[in-house]
Every structure is written in C-alpha cells, then in structure tokens.
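K.L.:
The chain contents come next:
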Amino acid sequence: MMKSTEIFSARESKEMEDILSRYEASASAILPLLHYVQSIQGHLSEEALTFVAEFIGVPHVRTFEVATYYTMLFTEPVGRHLVQVCRNLSCHVNGAENVLEALKKELGVDVGKTSDDGLFTLVEVECIGACDHAPAVMIDEDLHRKVSEDSVNRILGSYREKV
Amino acid sequence: MKILTRNINRPNPAHIDSYLVNEGYVALPRALNDMTPEEVIDEVRFSRLRGRGGAGFPAGMKWDFASRDTRKPKYIICNADEGEPGTFKDRVLIEKDPHAILEGMAIAGYAVGAEKGFIYIRGEYPEGARILERAIAQAESRSFLGKNILNSGFDFSVTVHRGAGAYICGEETALIESLEGKRGQSRIRPPFPVNVGYRNHPTVVNNVETLASVAPIILRGGAWYAGIGTVECPGTKLYSVSGHVVRPGVYELPMGVTLRELIFEHAGGMRDNRAFKAAFPGGASSSCLDESELDVRLDFNALAAAGSMLGSGAVMVLDDTTDMVKATHVLIKFFEHESCGKCTPCREGLFWIRRILDSILDGKGTEADLDLLLDICDGIQSTSFCGLGEASVNPVVSTIKKFRHEYMAHIGNRVTRRTDVEAAS
Ligand SMILES: Cc1cc2nc3c(=O)[nH]c(=O)nc-3n(C[C@H](O)[C@H](O)[C@H](O)COP(=O)(O)O)c2cc1C
Ligand code: SF4
Ligand code: FES
Numbered sequence: 000m001m002k003s004t005e006i007f008s009a010r011e012s013k014e015m016e017d018i019l020s021r022y023e024a025s026a027s028a029i030l031p032l033l034h035y036v037q038s039i040q041g042h043l044s045e046e047a048l049t050f051v052a053e054f055i056g057v058p059h060v061r062t063f064e065v066a067t068y069y070t071m072l073f074t075e076p077v078g079r080h081l082v083q084v085c086r087n088l089s090c091h092v093n094g095a096e097n098v099l100e101a102l103k104k105e106l107g108v109d110v111g112k113t114s115d116d117g118l119f120t121l122v123e124v125e126c127i128g129a130c131d132h133a134p135a136v137m138i139d140e141d142l143h144r145k146v147s148e149d150s151v152n153r154i155l156g157s158y159r160e161k162v
Numbered sequence: 000m001k002i003l004t005r006n007i008n009r010p011n012p013a014h015i016d017s018y019l020v021n022e023g024y025v026a027l028p029r030a031l032n033d034m035t036p037e038e039v040i041d042e043v044r045f046s047r048l049r050g051r052g053g054a055g056f057p058a059g060m061k062w063d064f065a066s067r068d069t070r071k072p073k074y075i076i077c078n079a080d081e082g083e084p085g086t087f088k089d090r091v092l093i094e095k096d097p098h099a100i101l102e103g104m105a106i107a108g109y110a111v112g113a114e115k116g117f118i119y120i121r122g123e124y125p126e127g128a129r130i131l132e133r134a135i136a137q138a139e140s141r142s143f144l145g146k147n148i149l150n151s152g153f154d155f156s157v158t159v160h161r162g163a164g165a166y167i168c169g170e171e172t173a174l175i176e177s178l179e180g181k182r183g184q185s186r187i188r189p190p191f192p193v194n195v196g197y198r199n200h201p202t203v204v205n206n207v208e209t210l211a212s213v214a215p216i217i218l219r220g221g222a223w224y225a226g227i228g229t230v231e232c233p234g235t236k237l238y239s240v241s242g243h244v245v246r247p248g249v250y251e252l253p254m255g256v257t258l259r260e261l262i263f264e265h266a267g268g269m270r271d272n273r274a275f276k277a278a279f280p281g282g283a284s285s286s287c288l289d290e291s292e293l294d295v296r297l298d299f300n301a302l303a304a305a306g307s308m309l310g311s312g313a314v315m316v317l318d319d320t321t322d323m324v325k326a327t328h329v330l331i332k333f334f335e336h337e338s339c340g341k342c343t344p345c346r347e348g349l350f351w352i353r354r355i356l357d358s359i360l361d362g363k364g365t366e367a368d369l370d371l372l373l374d375i376c377d378g379i380q381s382t383s384f385c386g387l388g389e390a391s392v393n394p395v396v397s398t399i400k401k402f403r404h405e406y407m408a409h410i411g412n413r414v415t416r417r418t419d420v421e422a423a424s
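First to last, the sequence lines map onto chains L and G. No gaps in the numbering here: position 44 of the first sequence is 43 in numbering that gives the first Met the number 0, and each next residue is one more. No gaps in the numbering here: position 262 of the second sequence is 261 in numbering that gives the first Met the number 0, and each next residue is one more.
Treat the hints with care, as some may be off.
What the hints assert, rightly or not - Facing chain L, a subset of chain G residues (Cβ under 8 Å, in silico):
{"hint": "1", "residue": "G85"}
{"hint": "2", "residue": "G122"}
{"hint": "3", "residue": "G152"}
Simulated from the structure, these hints should not be mistaken for laboratory data. Glycine included, every Cβ here is placed at the ideal spot set by N, Cα and C.
Hey, can you work out the whole structure from these sequences and the hints?
P.N.:
In structure tokens form, the structure reads like this:
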C-alpha cells in the first residue's frame, strides 16, 4: 500500500485520519474522504480512488462506484472554478436560460466544457435551494443570487482576480 | 405565529448564546430530568406532529416503533438533503437556527434509545454544513451534546455527513445506503428504517423541520401544538414560495392556509400584476393546481383530496406568461437526470417522456402523443420501485389534464408526426 505521506502532506494525512475516526463503520467515511481529496486535488484520479480504498480498507470498487455515481464528484479534471447554473423551474421562469447563454458566451464554452484558460468549467445543475433568489448560480462553494446577464461579467471577474 | 422561525431574526442567530436567550436547551433537560422516554414519545404523539419531509407520517408513531425495537445501537438521522425543487426552508433552519435541530435530535435520541445521530446534508449546502459543525462544537462545550449530557447519564453525539448531489438520497432508504458509503439507491420497504436502518439497526429518519418542531412541543405540550393548524394536520408549516410572486421566501403559517392567502396576503401577490396561471404546491413531484383551485388548503389531507400533495411545502407559482409544456419539460428533465437507474420503468420511461416532450416542443408532436404520454406515466406510476418514479409523472399527467390546450398549441392539428409527413411527401 502507498503511504499517505507520498501523496498528501502531513497535515492532509492527519485530516484524513480525523475523518475516518468519526465513523464506527469505516465505509461510511468513503464519501467524506472523497469530498476531501477532491477539495485538494480538484478531481478524483484513479490513483486517488485506489488510495482512499486502501486507506479505509475496502475493495477498490467501493470508491470507484461511489465516485461515478454522484453528480458532485469528478473523475476527470475540471477547471479551477466550477460554474453551476441552476436550470430548475423557479430559476427557469426567472431567466436562467439567459444567464446560461451569457455565461456560455463570456466563457466561450458549451455546457460541460472548460474554458481555454482552464479557469472555469460550466455545468447546469438542478435546484440548489435558492429559488427565492432566482436565478441562482453557484461558483465553487459560493452562492450567487439573482444573477442577470449583466452581472455575469462582474461575477466571473472576481474569480479571475483570485488567481 | 412564530414557532420554527422564532429565532431567525436575532443578531448572530446560529450562535448558541442567541439560542439560549429564548428558552433554547430548556426542553432537553426537561425531557432528561423530568420525563421518561415513553412520556417524551407520548407528548410527541399527543401533538400529532406529522413528518415535514414529504410523506406526513406521524412522528410520535415512528419514534414509538423505533423505541420498541430493542436492538442496539440505534440511530437518529436528520434528513437535510432538501432536494425537492422549489424547497429551501430547511436551509433557513440550518443556517439560522441549527441548535433547534440539534436539540430536537438529542430529544429524539433519548426517546428511542439512540446515542448517535447523523445530519445528512446535501452537498450543495457547504455553508450549512460548516454552521452545523460549529453549532455541534458549541453544544458539546456546554454539555448539551456528547457524553453524560448535563449529568443525566445520557450520551448523544452528532456527525454532519455531506451528500454529493443526488436527489434520490433524500429518500430515506437511499440516504441510508449513501451514509453506508454506497451508491444511494433505494432499498425495498418493508422492512422500514425504524427496524432495519443504518447498518441494519433501528433508525429514525426525520426531516429538519420535523426535528426543529420537537423542542417547542416538549416545552409547551402536545395539546398546545395540536391546537394549531388543522385537526388532521396540526402545527405550523414552513412554506417555500418561489416563481412569479412579488416576495418569494419562506413563510411560517398555520397548516391549512389557502394557496390564495399564501400568494396574495403573504408573498405580495403576483409579480408585475400578471394573472395567476398555476402552482406546483409540493415541488416538482406534485400535481399542479390551476386558477379554480386557489382556495385549496395547503395541508396533507386537503391537497391529497385535490389530487395533489403537500410534499415539502414547496409552492412554485407561475403566471400567465408561463408555457406549461416547457415547465413540464424542465421538471421531467430533472427526474430523468435524478432517476437512480435501478428499475426499468423509471429509468427508461422518463427518458421516453422527455423525448416525446422534446418533439412536442420542436413542433413535431401529435395529439396521439398525449395519449402515449399518459400511458407511459401510468406504467411508471404503477410499477416504479420507489417514490421518485411514482411521483415523477405527476407534473405530466396534471398539466395534460388541466392545460391540454397548451400542448395542442404546440401540436397544432397534426395527426401524424411532422417527420413522418415530411418523409411521405
Ligand atoms: C425521491 C424522494 C426524495 C425525498 N427527499 C427528501 C428530502 O430531501 N428531505 C426529506 O426530509 N425527506 C425527503 N423524502 C422523504 C423521506 O423518504 C422520508 O419520508 C423523510 O425524511 C422522513 O422524515 P419525516 O417523517 O420527518 O418527514 C424524499 C422521498 C422521496 C421518495
Ligand atoms: S423509481 Fe427511479 S429512483 Fe426509484 S429505484 Fe426506480 S429508477 Fe431508482
Ligand atoms: S429552482 Fe433554481 S435554486 Fe431552486
């Protein structure tokens, strides 16, 4: 087995031990550990999935089947920022389609694709529980409420500056 | 009447000190010191509190089932997956009153004999997860959670578990599978989680709002709570109102408010003075109501009698600019995406419904397609393995019934598909 210190820093390994220790049933730690690894590495590589399975002590298939089931887990690299546009009804009737079109144009990509500079991946998502501020867009972990075609530029700009 | 939302407008509402100001953590010691677990369950039973996650199952009865199963350990799971489109009321409780949820969970644990709780929160609520974790640490530091709570000898700890974007994980058995580190797919019921739940042990799964209602019930008594709302659906309800209204938001009102009152007296009426066309009163899974049904009461029984459902109380309001076929298409795309794929009617049927709606919206539909749609809906509804498939067809069936003319406007008077006609000419 690979040692965690070969892939992760000492602090990260310690965090993973902490996550595992929260559960009596170690398999319950699969999802939290995958969340954590993805938050560090951006996506879940085959190597990472194998590592997490061995770290927990479950067959490899257990981490692979989980990683491929959930919408928020990525087995392929994505852009540095994930732009998630709600497409469900309350956002739809408040102009979500226009917001999506503006984002496509601004980023020069279709849904599911990553901008050429590697900064943004554009995806559509289902209701994110912000229907009272529709249309809603989530970028990484930040919720943007009442987004309009005109505010798209400014919002993306604030992420470009973060680089 | 503010019961569930009593704390949300305080400064720094999520902090334990804000919660303690208003009788926070008074119900828990009362239950632990002055009441037996049976008495706690009886009080919840007297309140006739019904689960707020969608099905409206009596909470006291659920706790009673779990308490009678003597196998240990037992678990309390707070269902914070909040995935039903149009629903955002649990988010308010999580972000603004997390201690009300934790206190309810600890009381539930004492009542049924569980020492461990999980909050399964949807992955899209990272801020909510952090707020809950901070709240748990605060509660532990004051001995409202953890070992030997307030020297009562009762242990109860809570772990926050984040989902990862799967609506089906809100269904209680799929949630449990997901919590066990598997793909979240529904289990067959019975056996129910109260007997065979997390790690095959007795498990109470309750919605956020249900659990947040518990401490006030223990404090003021079941009879007090039962006197609010309607006889069959007591208490207050958090309605999430969105769509074409002036003031979308969460409204706490006695159960049984009418759709008209909710929209026009609370949510500010229709936006831009447009006319009301329709509402989905229980999110994407419910049948729509039209203008003639504005006086229907928004509670479990009245909505069921009207052929719809309250579900999580997600009221999506649509004005006369809305294309009901497009609205239905949006909702069906949602279900198609969220179908877990385990059973054929839901997995394949939703794909075909979406394809037919695509073609109708493309101007290639026929009137016969409407019969075909209803036929497929019937198949899905009667043979799906779980509630997702069963409810997914409600928007289709109800919009065809109530807004058939809108489908016909897309279809025109074609009897055969445009593609067939083109091929023949
Ligand atoms: C497809 C589907 C999705 C569901 N999603 C949720 C949800 O997000 N939150 C919730 O509390 N209940 C949800 N439920 C209902 C749960 O299965 C369960 O009935 C509920 O959590 C029980 O809690 P309660 O008795 O307090 O309502 C869902 C049910 C189905 C069929
Ligand atoms: S009805 Fe749909 S969601 Fe439920 S088990 Fe079948 S495929 Fe999965
Ligand atoms: S429909 Fe977009 S956040 Fe709910």
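K.L.:
Are the hints correct? Go through all of them and say.
P.N.:
Going through the hints against the structure:
1. Taken as an interface hint, G:G85 checks out: its beta carbon lies about 6 Å from the nearest beta carbon of chain L, inside 8 Å.
2. With 8 Å as the threshold, the beta carbon of G:G122 comes within range of chain L, its nearest partner Cβ sitting at about 5 Å, so the hint holds.
3. At about 21 Å, the closest approach between the beta carbon of G:G152 and any beta carbon in chain L exceeds 8 Å, and the interface hint on this residue is violated.
In this structure, only the earlier hint numbered 3 is contradicted, and the remaining ones agree with it.
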